[in-house]
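Visitor: Going line by line, the protein sequences match chains A and B.
One rule links them: number in this note's numbering = place in the first sequence (from 1) + 546.
One rule links them: number in this note's numbering = place in the second sequence (from 1) + 1.
Hint data in this document are derived by calculation from the structure and do not stem from the laboratory.
This structure is a prediction, so every number in the text was calculated from the model and none was measured.
All residues carry an ideal CB built from backbone N, CA and C; glycine is no exception.
Since no wrong hints were added, every one of them can be taken at face value.
Derived contacts from chain A toward chain B, CB cut-off under 8 angstroms, selection only:
no., residue
1, F598
2, L605
3, L614
4, F617
5, M620
6, L621
7, D676
Below are the BS3-like pairs computed for lysine-lysine, each with C-alpha atoms no more than 30 angstroms apart in a straight line:
no., chain 1, residue 1, chain 2, residue 2
8, B, K311, A, K713
9, B, K61, B, K75
10, A, K711, B, K311
11, B, K33, B, K61
12, B, K75, B, K65
13, B, K61, B, K135
14, B, K135, B, K65
15, B, K311, B, K321
16, B, K321, A, K711
17, B, K135, B, K75
18, A, K713, B, K321
19, B, K311, B, K33
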Amino acid sequence: MVTPFLFFLLAVVAVTAALGMLFSRNPVSSALWLVLNLFCIAGLYLTLNAEFIGIIQVLVYAGAIMVLFLFVIMLLNLSALPTLESLDWKAVAGFVVAMVVLAQLVYMLASGLGALPTTILAEQAAATGDASTIAKELFTRYALPFEVIGVLLLVATIGALMLAKRKPI
Amino acid sequence: MDLPLWLTAIIAFLIINFMLVSASVLVFAERKVSGYIQNRPGPNRVGPFGFLQPFADVAKLLFKEDIVPEASSKFIHSLAPILMVIIAMSVPAVIPFARGFVIADPDVGVLVILALTSIAVYGVTLAGWSSNSKYSLLGGLRSSAQMISYELSMGLAVVSVVLIAGSLSVVDIVESQADGWAVLGWNVFRNPIGAIIFIVTAFAETNRAPFDLPEAEQELVGGYHTEYSGMKFGMFFLAEYVNWFVASFVIATLFFGGYLIPFEPLFADAFYANGFGWLLGILQFLCLMAKVAFFAFLFIWVRWTLPRFKYNQLMTIGWKYLLPIALVNTLVIALGVAIFQTIF
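Make the full structure from the sequences, and use the hints.
Guide: Laid out in structure tokens, this is it:
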């Protein structure tokens with residue numbers, strides 16, 4: 547099977563990219579690591595048969611939002627942060643170990659309570675991942691939240707415009 | 002049609018080489034046509050009618066020294082041209098060349114095209130930033146601002162096509178243009194405003210004149226590729242021509258019936274009945290190529306006829322004219338489709 551292999555490859559690259567974004571001292575390379583991370587997430591969606599969400603992830607996040615980020619970073623010409631002189635490796639190692647233990651505990655607790663998500667067959671996933679199914683759900687069951695989000699985005703846009711047009715005092 | 006992976010790989014390899022050769026033909030065509038527009042012969046020394054000129058240029062670029070600026074960000078500086086070429090070469094994967102002849106037909110094919118055009122800006126932006134030169138940076142900045150502004154209108158024009166076809170698959174969109182007398186089923190007649198908006202935004206997205214501000218040579222030396230030399234510059238050049246060729250394919254596919262031949266329903270059955278289905282496929286491919294050739298010519302024609310926009314004009318056109326027109330057009334098309342469906 548190719549899919550588990552793909553999953554682990556994408557997951558490892560995604561985590562590496564996320565760490566790279568956090569630890570990189572240059573804003574542009576941070577942004578580029580984030581782009582790589584978003585691509586990996588899109589790939590994960592594709593392995594889950596959610597084609598629509600995967601492509602929208604690339605189109606909206608990688609293609610529009612991150613381009614805006616890059617544009618602003620380059621326009622403001624942000625300088626790189628000074629490199630760290632010393633890093634407390636003991637604290638980092640302690641944090642990693644604590645996180646691993648926490649993840650194990652949460653996993654055991656969740657499986658004990660039966661709260662883990664059940665596996666979904668590929669056919670079911672393919673049936674729910676296409677655009678028309680998502681659209682039906684979105685415009686029937688979740689119609690009200692959808693409209694509310696639309697109004698919220700409109701309010702945010704108008705607010706941004708008001709802030710940008712305000713005369714300096 | 003589910004082909005084994007190795008066969009798909011071979012077909013993809015052939016199509017990539019087809020795109021490469023087409024790019025050099027386009028370079029030749031551009032220089033020749035621009036020559037005629039400016040009343041001079043154009044290249045005519047290398048080979049018959051100067052036809053081998055682009056190949057000579059490629060050989061020259063291959064042997065040139067590759068200079069990387071000292072203060073540049075080396076990895077990204079090398080990555081940017083590769084990114085440009087890869088993204089430009091990926092779009093043909095979802096374009097149907099004849100009935101049943103398409104590398105991949107995902108349910109969201111149109112969105113794949115939009116996603117690939119939207120990430121194509123990274124090549125230009127990163128090239129501009131990593132070169133560490135003010136001209137390159139200005140070119141990269143202009144490119145990202147321009148792409149973001151025109152992507153919205155382009156997306157809305159595509160949405161109006163999707164509404165008419167009722168599907169996000171490229172093959173379904175082409176087939177939905179089959180009915181109607183001769184060419185009247187084509188989306189350009191059902192959705193003329195959307196077609197015009199899409200063609201204009203396609204010019205902007207491919208950074209072609211009159212929207213070639215990212216590389217405006219009179220102001221920015223060479224724009225985003227000022228600091229590139231040798232084959233890396235060649236790759237930018239290649240990506241520009243492939244992008245333009247691919248844009249012609251997308252325009253022909255979405256708005257001008259793709260591979261459909263006018264009056265096809267009249268004689269298609271005769272071909273299939275006599276076992277000449279493959280011949281019909283070849284005719285469809287030639288028909289698509291004729292449409293693509295026309296749009297490729299249109300790109301050259303416009304480039305050597307219209308002067309470049311100023312930056313503020315570019316933004317005014319994008320945000321104050323194209324976007325509202327595209328929004329209203331999408332609304333009208335949506336209402337039209339809804340009314341049409343309730344009546345029939």
